Amino acid sequence: AQSVTQPDIHITVSEGASLELRCNYSYGATPYLFWYVQSPGQGLQLLLKYFSGDTLVQGIKGFEAEFKRSQSSFNLRKPSVHWSDAAEYFCAVVISNFGNEKLTFGTGTRLTIIP
Amino acid sequence: DAGVTQSPTHLIKTRGQHVTLRCSPISGHKSVSWYQQVLGQGPQFIFQYYEKEERGRGNFPDRFSARQFPNYSSELNVNALLLGDSALYLCASSLGVPNPEAFFGQGTRLTVV
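From first to last, the protein sequence lines stand for chains A and B.
Taken in order, the first sequence gives residues 3 to 117; the numbers are from our numbering.
Taken in order, the second sequence gives residues 2 to 114; the numbers are from our numbering.
Check the hints yourself; a few may be wrong.
Unchecked claim - Listed next, the in silico DSSO-like pairs over lysine-lysine satisfying Cα-Cα at most 30 Å (straight line):
1. A:LYS63 x A:LYS51
2. A:LYS70 x A:LYS51
3. B:LYS31 x A:LYS51
4. A:LYS63 x B:LYS31
5. B:LYS53 x A:LYS51
No lab work stands behind these hints, which were simulated from the structure alone.
All figures in this text were calculated on a predicted structure; none of them were measured in a lab.
The whole structure should be built from the sequences, with the hints applied where relevant.
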């Protein structure tokens, strides 16, 4: 069965420090790949996506992610975090079968920012 | 442009009751999906509809049903509510494959007591 793994449940970083959130998936083919961010009690906001082409993708709020086929990974990075980045981050994939666009999510990584 | 809108935002129901949640997609989006997010977990896929046809169904009991209307809005129905159905229910819309980029609404917080 398809699965998405986010090995870090909770990460704490200092404001201004760099950030990397890890994501691995288990599929035979390259899926569509996404990162979403969720503030408490809110819906999900799309940060960035990878469909094909350049494996380094840029997103909103200064985030970027790199797709590595050999490692089945799609890690999210930001060079300098801001206090407003504190939130829950979800990696997700879509394997489109006959138009089915089911998103499979990881369990999420909660990001805490300290002054 | 309006994003994905869901109603109501909050709802409290009693065990055994029925609930209907509503979703209006972004204008031009023909695909609507529903997800359940239990506290502390990632969203779980419930249904996907595209142009009124069911394209996918997650591992949920038959108490859960949905439909999509000609204007592409959608309803999620849950019968015989259980305490375990308490969750944030998220609706997402997209243009559809080959562009499955999903945009989410703010969700409906359902509490079953």
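Violations among the numbered hints, reported as their numbers in ascending order: none
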